[in-house]
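Peer 1: So you can see what is in the structure, the chains are spelled out below.
Protein chains: 2
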Amino acid sequence: MSNPQITFRQTTFTGPSLLLARRRTISRTTIRAQLDQLRANGQYDCFKLGWHPIYDDKSRWPAPLHLFWDSDVAKWIEGACYFLADEYDVEVDAAVRELVAMIRGAQHADGYLNIHFSVVEPGKRWTNIRDMHEMYNAGHLIEAALAHTQYYRNDLLMEPIEKYIAHIRHRFGPGDGQLRAYPGHPEIELALLRFYSVTGSRDAYDLARFFLEERGNPTGQDGQHFYDWEMERRGEPRWKRPNSFPMDRSYWYCQAHAPILDQPTIEGHAVRAMYLLTAAADLLNLSRTGSASAPAQPLAAAPDWLAALRRLWSNMVDKKMYLTGGIGAMAQWEGFGIDYFLPQGADEGGCYAETCASVGVMMLAERLLHADPELDGRYADVMELCLYNNVMTAMSLDGRAFTYENPLASCEGAPSGREDWFWCACCPPNVTRLFGSLGGYLWDYGGGEDEAWVNVHLYTNAEVKFAAGGAEVTLSQKSNWPWEGNVQFELGGAEALETTIRLRIPAWAEGAFVLTPAAAPGTTALEGGYLRLGAAYTAAHAVFSLDVGGFAPRFVAPHPYTGQRTLGLARGPVVYCVEDADHGWEGNHFKDVGVRRGEAVREEWRSADGGGDGEGYVALRTVGWERSPEDLQRGGEGVRRELVFVPFYFRANRGGKGQMRVGLRDDGR
Amino acid sequence: MSNPQITFRQTTFTGPSLLLARRRTISRTTIRAQLDQLRANGQYDCFKLGWHPIYDDKSRWPAPLHLFWDSDVAKWIEGACYFLADEYDVEVDAAVRELVAMIRGAQHADGYLNIHFSVVEPGKRWTNIRDMHEMYNAGHLIEAALAHTQYYRNDLLMEPIEKYIAHIRHRFGPGDGQLRAYPGHPEIELALLRFYSVTGSRDAYDLARFFLEERGNPTGQDGQHFYDWEMERRGEPRWKRPNSFPMDRSYWYCQAHAPILDQPTIEGHAVRAMYLLTAAADLLNLSRTGSASAPAQPLAAAPDWLAALRRLWSNMVDKKMYLTGGIGAMAQWEGFGIDYFLPQGADEGGCYAETCASVGVMMLAERLLHADPELDGRYADVMELCLYNNVMTAMSLDGRAFTYENPLASCEGAPSGREDWFWCACCPPNVTRLFGSLGGYLWDYGGGEDEAWVNVHLYTNAEVKFAAGGAEVTLSQKSNWPWEGNVQFELGGAEALETTIRLRIPAWAEGAFVLTPAAAPGTTALEGGYLRLGAAYTAAHAVFSLDVGGFAPRFVAPHPYTGQRTLGLARGPVVYCVEDADHGWEGNHFKDVGVRRGEAVREEWRSADGGGDGEGYVALRTVGWERSPEDLQRGGEGVRRELVFVPFYFRANRGGKGQMRVGLRDDGR
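As they're listed, the protein sequences go chains A and B.
For the first sequence, the working numbering assigns the number 1 to the initial residue and increments by one for each residue that follows.
For the second sequence, the working numbering assigns the number 1 to the initial residue and increments by one for each residue that follows.
Be a bit skeptical, because a hint or two may be false.
What the hints assert, rightly or not - Derived DSSO-like pairs: lysine-lysine, alpha-carbon spacing no greater than 30 Å straight-line:
no.: 1; chain 1: B; residue 1: LYS240; chain 2: A; residue 2: LYS240
no.: 2; chain 1: A; residue 1: LYS319; chain 2: B; residue 2: LYS657
no.: 3; chain 1: B; residue 1: LYS319; chain 2: A; residue 2: LYS319
no.: 4; chain 1: B; residue 1: LYS240; chain 2: A; residue 2: LYS124
no.: 5; chain 1: B; residue 1: LYS124; chain 2: A; residue 2: LYS240
Since the hints were made in silico from the structure, they are not lab data.
This one's a predicted model, so the numbers in the text were calculated from it and none came from an experiment.
Work out the full structure, taking the sequences as your base and the hints as a guide.
Peer 2: And the structure:
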């Protein structure tokens, strides 16, 4: 089993591109800015196990403000290690070393390792698995350790983490005297399976599999649901519940209302759901492939896991995903609403669309590209949609400000903007570590004795190198994606191999593409959203290019059952929005502005005027009509308005009043 | 201060009408059917204070299943007493007498009177004012006593109730040693003010006013919000909260998040809000007028109460009310969502539209017609809207089945239908008592030494008699409302009086009306939605008629900010829907059917084919287009469908699959 956090090193971002520009910004600015935040807010020193004034704050139950600090540090280490390999930074290097030393020093003799239960409530470890994020923090520490050892080539972090895994493995599981628990916030499952694929640790595999298979068991612990059981042990009535639980026993909040295999729809906290299903996809992957260190693991229920993953993915993508790749309409549980409930903003009923959740969609999509035996371009389409929209909008062009929620429309109570940091700072370092390992998302590849294959999912300027049949195969791509559809490929080192290359044809291209040189009959085929170039083609053409169509601006609309009768604009994988920075007259968050399908849309190249790393973008111009509710009632024509659309990811970089909207009123037929 | 539950006896429903037919059904069938339910389910005997097996059920906290039983009995008594005056029924009479004897027997020596805290938790009375409905039950007992004494002319129920009021007055208030509490579920306030207006009991007035003025005080009890204070006394953390509280301290659920005068918008449980504001309107009324038994009560803050009532009413009517007069989108708290959040059904995000809530809107509207010094026809428009739509839809034509929620569209999880009874049976007897006192809603009237006035709010076949200037004045109206707009009036007994009559011109008539005989210049005027016939006109014309326009079918649409781009049909005050009983091909709850504004609509008189008391109705026929989401995406025309619309109140009387919708997709411009 491979995954992008391991394989990204085989890919180099070679030329100017939007993705490279963002990676540079993160590498040169964001990593340090986030380190400054960790230092300023207390996280940096937390593994020293001293008292921090924030620990006195009892205003939040069950999760106090500092409960995720372990993971904040871990995710920063993970991201830092990815970028250190790319651009060395002495200050970042020193910080990682110091943090690792502090983490080592914070471990208990028995292997336990957690800030809150070491400092604030030392007697209460493992008494509230549902809420207290011990395993979530442990999972991120595991991921940090894997990134650390990959860059530093030592075991300074792996060693304590291995010990911590053993501690957890001892405590939890199906054996006598073990607790049949599973984490309230999934994350450790995917971390353990990554750990297994790198180290071959059977403990890690068994523990992850137990967590995945036991989850939602209604009678797991002494005939009770585990969360009921531990709640009673804490002496809490079921009516005492977190604010994220709208009702008592809202265990769907953490996907524990039923065993995963029995869940008909995707529910609850969106990040938890994505991390959980990513691990489920890894479990399925491991039933087919192992790694150099870890054998494949048989899984009798593999068909059921595949069916569950496809079912939950489809429910999410078809009925619970925004045009921007955002998921999770509901603020209270930071997660999924009912089918087709996709209001654009808080004043319409919700739109959480958390940054981390779309990072999670990308992780899950990338895993499903391997786990599903049928290669399906829709996974990669959604992965790209999230990348260029809901994920990229989460960071300012200067790399110093971030979002947590990414609604498609602003309102008075929630203007469009970004923050330097959050008390629950999960999102900023998640963007960092995603961009750090982004090379691993571009393509899959492999080979055997006399063959090689590459499935190209994302287009940019990049090159990958991998070994196949004793040779070093290279494939490079050059393009001005996401602005233009021409991608030039060059295959190298594969002269002695039968090489198959699959190129994704995005669904929004609607089948429009041109391959050059043209293929002889029978040497290529369109399969599952990919153009397969067979060995005959690649042998004849080491240099070839793909022109993907669909870069004309297009009007996009949500599903009619959403009740959102709106039109937005998209171009290629980029979804657009309007902002008051381009429309000084706007004062009502574009609620009164309508557009008509079929109206001419003009493109305009703009150099980025809000800072950043020399990034430009294509703006779109069309006309709309501002009509008040009274105008609409009277059938009045309203005021004709020249409209400028900018990429949704670009919003909130130019000041203004924070007024923004993706989907405008649909005034046409 | 008058109110409809007192004044209704002055009105007689004289001829065939939809309202009279419903009253007959209730009188002859519903009262007995509900009595049977009370007998079958345990409520009938509950005041005997024996143990009922349901008391063992601890599955619900804080409100166990039987917590409202006192009020179920009380509301039935109230409704029964209203109808006994109209049509005597020996069995109903005997049941009222027996129930009153049992209630008397259940009272404690100190005046306390409540089933739950007498039988189930005898030590815990008044320890959870927020949740335990003691005062709510007391309020309904007060209303029952007022109805009882009015019909029976004895004090058998008034006597224990007066004692109970004294008990409560002793315990609660601003004095030393008193608790500064106010009920979680308002109701007692309006009951106490009614009690005051009938008896002149200063205790009742002071207690109601204290409850209204104290509500939402953040530091009322020992510097704490009362509900925080009593929660701490119960040893409960704030995190232990009812399922109706989405978050901890969601005191807006019961309108206790801020003092009433400071509340900017209407929030929370819709029935509670309506009962509370009805009492607030009564408080304001009493600052202007008293009654024969009770003097007017000065209220320095009267302008603030008026401003608050207007503000909260407008927020509700303009931004939080369905086309049917339903209020409350949110099921979890049975109440208001954010502004303009008005999905049509559970599968679109909610639509609770509780029957009791619209009964409450009618009560509030009727009170505001007096309390607001500016007579405003919009209050009566909304009162009529609720009556003919959200309220009337709550009972089957045969008078034996009821609804609690009244969504505008069915879905798989919630088909359109009715039930014989509910475990929380507030709605059925609320409809009963409303129809019992309906005469009081038709008009206001009064007079002085040499003048008389009548404000006519609702049209039907009816006659009112009242004393003015020593004469008995009568005004009769004859019409086929709500199907036709011609209303013939005859004024009698007013020969020696200067008589002013105001006739409501509904907003949907858009100013179209004809008065016959025509008025001489200056003798009539249109003011605040009413056509005022001055003394010169009424002196010249004791017989006159009004023809109200607006009975042509009209397309109606919700506010554009709702995001609900739908069209429905209405005619006069009646809102229509489509049902699968008329459209055997329908299988998707009319989600795929669109209509176009401007399409011809044909009227068709139908005799009611689902039972009932000989009621007929006007059906509407037009054409629509069934288009799947795929059709819409491809721009396909879809399948042309002949559509039949029936009154929303008429739905679910003819079997079928329970598929129904008010607002269809708006396919036009």
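Peer 1: Next step is simple, just say for each hint if it's right about the structure.
Peer 2: For each hint, the structure was consulted:
no.	hint	in the structure
1	LYS240/B x LYS240/A	holds, 4 Å
2	LYS319/A x LYS657/B	holds, 25 Å
3	LYS319/B x LYS319/A	holds, 27 Å
4	LYS240/B x LYS124/A	holds, 21 Å
5	LYS124/B x LYS240/A	holds, 21 Å
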